[in-house]
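Colleague: This is what each chain is made of:
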Amino acid sequence: MIYHPPHISWLEVEIPGAPETALQIAPKTIRDVEAILRYATEKSLVIQVWGGGTHSGYGNPPPPHIVMSMERLADVEVWEPDDLTIVVGAGARIETIEAMLAERNQSLALPERPGGATVGGVIAAGVSGLRRGRLYGTRERVLEATMVTGDGRLIRSGGRVVKNVTGYDLHRLAVGAFGSLGVIISVCLKLWPTPPGSATVLVDDLEQASEIVRPLAVLEVDGRLMVYLQGTEAEIEAQTGRLGGKWTPGFDWPADPTGAWQWSLRVPPASTSEAITRLPGGWSHVAIHGVGEIRIASDSQDGAEGLRSWAEASGGQLVMTKGDPSIFDPWGAPPPGLALQERLISEFDPARIINPGRLPGGV
Amino acid sequence: MTLVTDLRAVLGDDDVMEEPVELHLYSKDASLMRGRPACVVFPRDAAEVAEVVKLGEAHGVPIVARGAGTGLAAGASPTEGGIVVVTTAMNAIDIDPENRTAWVGAGVINLDLSKAALPYGLHFAPDPSSQSACTIGGNVANNSGGPHCLAEGSTTSHVLGMEVVLAGGEIAILGGQAPDPPGLDLKGLIVGSEGTLGVVTRVLVRLLPIEPDVRTLLMSFDTVEDAAQTVSDVIAAGLVPAALEMMDKRMCEVVENWLEAGLPIESEAILLTEVVGETDGVISQAGVISKIAARNHATDIEIAGTAKDRALLWKARKSAFGAIAQLAPDYYLHDAVVPRTRLVETMKAVYAIADRYGLVMANVFHAGDGNLHPLIAFDASDEKINAMVHQAGEEIVAACLRVGGALSGEHGIGIEKRDLMRSNFSDLDLDAQARLKEVFDPGGVFNPRKVLPMGSRCFDFGGVRREVPEGVWV
Chain G
379 MIYHPPHISW
389 LEVEIPGAPE
399 TALQIAPKTI
409 RDVEAILRYA
419 TEKSLVIQVW
429 GGGTHSGYGN
439 PPPPHIVMSM
449 ERLADVEVWE
459 PDDLTIVVGA
469 GARIETIEAM
479 LAERNQSLAL
489 PERPGGATVG
499 GVIAAGVSGL
509 RRGRLYGTRE
519 RVLEATMVTG
529 DGRLIRSGGR
539 VVKNVTGYDL
549 HRLAVGAFGS
559 LGVIISVCLK
569 LWPTPPGSAT
579 VLVDDLEQAS
589 EIVRPLAVLE
599 VDGRLMVYLQ
609 GTEAEIEAQT
619 GRLGGKWTPG
629 FDWPADPTGA
639 WQWSLRVPPA
649 STSEAITRLP
659 GGWSHVAIHG
669 VGEIRIASDS
679 QDGAEGLRSW
689 AEASGGQLVM
699 TKGDPSIFDP
709 WGAPPPGLAL
719 QERLISEFDP
729 ARIINPGRLP
739 GGV
Chain X
879 MTLVTDLRAV
889 LGDDDVMEEP
899 VELHLYSKDA
909 SLMRGRPACV
919 VFPRDAAEVA
929 EVVKLGEAHG
939 VPIVARGAGT
949 GLAAGASPTE
959 GGIVVVTTAM
969 NAIDIDPENR
979 TAWVGAGVIN
989 LDLSKAALPY
999 GLHFAPDPSS
1009 QSACTIGGNV
1019 ANNSGGPHCL
1029 AEGSTTSHVL
1039 GMEVVLAGGE
1049 IAILGGQAPD
1059 PPGLDLKGLI
1069 VGSEGTLGVV
1079 TRVLVRLLPI
1089 EPDVRTLLMS
1099 FDTVEDAAQT
1109 VSDVIAAGLV
1119 PAALEMMDKR
1129 MCEVVENWLE
1139 AGLPIESEAI
1149 LLTEVVGETD
1159 GVISQAGVIS
1169 KIAARNHATD
1179 IEIAGTAKDR
1189 ALLWKARKSA
1199 FGAIAQLAPD
1209 YYLHDAVVPR
1219 TRLVETMKAV
1229 YAIADRYGLV
1239 MANVFHAGDG
1249 NLHPLIAFDA
1259 SDEKINAMVH
1269 QAGEEIVAAC
1279 LRVGGALSGE
1289 HGIGIEKRDL
1299 MRSNFSDLDL
1309 DAQARLKEVF
1319 DPGGVFNPRK
1329 VLPMGSRCFD
1339 FGGVRREVPE
1349 GVWV
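Going down the list, the sequences are from chains G and X. Numbering-wise, the first sequence is residues 379 to 741 according to the numbering used here. Numbering-wise, the second sequence is residues 879 to 1352 according to the numbering used here.
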């Protein structure tokens, strides 16, 4: 059944792709979010926080009573191009923000092919861009976060400066926490400048790629190996010359592979090549060399168990990012410190209403 | 059984100290605040630390972790007494060049790690000025930065995992070489927590390849404003140099007087900047920076010609705090950060405050990050001056917060800035942080009364203030 509490149902919207059995709402203000969360805590209603719906396949969540879209909390509060920082609402779409930033040659350095994903969504899911080996991951972008806890408290952590050790880093803890500490309302992000020169170079092997000490990215996409370069135009000319091989100006970022089942394989960086050789036949992949992240899609889960055993024995994980959690355990071996994680979440979301079951170990 | 007897039963006699001279030696870090430890211990591994933690809990005494004691915020001063856990015996380095990582004992000295990584063409990016003395454990506790964190981020961006002793003496290994370990990022939370959540015994760090080429530029200016504007303009031009540091005239004078590094002491301010990367890139970046400096009336721009010249310039920069002893026996240093667009006005305000109190102030700081280090040289034995210095310090912090800044960029909160936390955060923000502390440390043994001001944990849902007895960590 769908709940229609009168004082929040006026925020009702249609959220394409969201579970239809749930009340679909989109708060307009922080006060709305506080009221919704307090009400849900009081009534023990499960809330699924919705960004672009691009990472809704993680974990094994129970069906939500309420789907809360952040689409109306998507404003750019402050963009300080000269400080390389931006404060933006969680519901802002990455493409929209990147298009704006590109006018001043700046970038969020979040996922390059977000497919409708929001800033809040990629932070909550802890998903990084393909440039993470050089520009660091999503966690290192977040300078400040404003959140509303499960029981409706408005809290802020961090600050709008690029370097900060004032208090505990709750804002970084929110990265990959799937909202378990609170619903992210807005964040201050550190930006990267985009240099004038760029190139994508097709290379034969990793040895050839290693000619460049710190490339922007080295990606392997279904057997093709590409080196991505950025810098001054003189630098790009020299580097492409040294690398040899076929190159094109600009970046052609691969989209994440899609299929009935999708996976994120995470291994120590030096094991990336071996990980690719261990993929069952027909599984398409985008691998980030030097990082150890391989994004995979497949038609079935056959072979996933073996891959997971190998990954875990090598100090990594195989995480299911889309598929059927009743057939295959989405996370695998639970992480250490699970009891501590449980107690932490209880302090922020005592009734366990925000995205329950999304984190490993059933947290 | 007494605490010391119990500790000796676990660690042996030699690794537990309680002589007055030893206790005095470990009674403070590099801040001005002194405590009185019950004893000082030198555990060799996590298992020994776990026993110390259990004994601390059983005897109800605080546990204060300490590396080299170079901290400036009293984070390692045992101001509530208890056991000082010195990490220096945990000093193994295990480098994995293939994965560009290393497991490092908490007591390893920062510079020793980069020296050990050098044969593999790798280095550890965070390079605090105290790097020849400070430990990796201390870097983790304070999320330390350093001049070269401008492009690569502070310690937290370079910690992939850790071995930590938690409450109850539980030893946990958090994180690892693989990216994005699932679940809440507990290790990330422990970085920068100043020993208040547990004792870190080993750290898995990221090592970066050493860049093929480098250019170090020394630029002189007739006004601090011109130098500060150059910093803002470099960032606005979309350049992120490896380092971008400022020193004012007084600081140059004291450093030059001691080191004779060739700093231009006639200039009101200098900028020291470094660009790294492929040769073509560093040449063009150095050119762009030079042009920006010239536009802002730089009186001289020099590019360090040799590795030796370059090393000397960095020695000059990193020796600044030591050299200040020529001016007065003590110094008081703030570490606030401001948006880089507000540097010029903030510097003006900071100088005005020192002038108003007639205090001797020198500035050396991470300009590219907006991380100020206004340093007041004084004699702490004079009570009146002491009070004035602290008053000026608070005004400097207030000026930084007014333009949207934060209390500390890299030195930590400790006790020194603890009571200023209320000017940076709301009651609910502090309550959230205090809840987190409680979850990790229900017994309140890990470095009590640091970071969070008294009464931080005072909100129940709905915002009702709880009664808090004086002196109780709630």
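Treat the hints loosely; a few may be bogus.
Here are the in silico distance ranges between beta carbons for each label pair [to be verified]:
1) D707(G) with D923(X): 54 to 62 Å
2) G1165(X) with W388(G): 42 to 50 Å
3) R1300(X) with R602(G): 32 to 40 Å
The calculated BS3-like cross-link candidates involving lysine-lysine, where the alpha carbons are at most 30 Å apart (straight line), are [unchecked claim]:
4) K1196(X) with K1186(X)
5) K932(X) with K568(G)
6) K406(G) with K421(G)
7) K1169(X) with K906(X)
8) K932(X) with K993(X)
9) K932(X) with K906(X)
10) K568(G) with K1226(X)
11) K1226(X) with K1186(X)
12) K1186(X) with K568(G)
These are computed hints drawn from the structure, not numbers from a lab. All C-beta atoms, glycine included, are put in the ideal place defined by N, C-alpha and C.
Colleague: So, for every hint listed, does it hold in this structure?
Modeller: So, going through the hints one by one against the coordinates:
no., hint, verdict
1, D707(G) with D923(X): 54 to 62 Å, "violated, 34 Å"
2, G1165(X) with W388(G): 42 to 50 Å, "violated, 59 Å"
3, R1300(X) with R602(G): 32 to 40 Å, "violated, 56 Å"
4, K1196(X) with K1186(X), "holds, 15 Å"
5, K932(X) with K568(G), "violated, 41 Å"
6, K406(G) with K421(G), "holds, 22 Å"
7, K1169(X) with K906(X), "violated, 46 Å"
8, K932(X) with K993(X), "violated, 36 Å"
9, K932(X) with K906(X), "holds, 24 Å"
10, K568(G) with K1226(X), "holds, 26 Å"
11, K1226(X) with K1186(X), "violated, 35 Å"
12, K1186(X) with K568(G), "violated, 34 Å"
The structure shown violates the earlier hints numbered 1, 2, 3, 5, 7, 8, 11 and 12.
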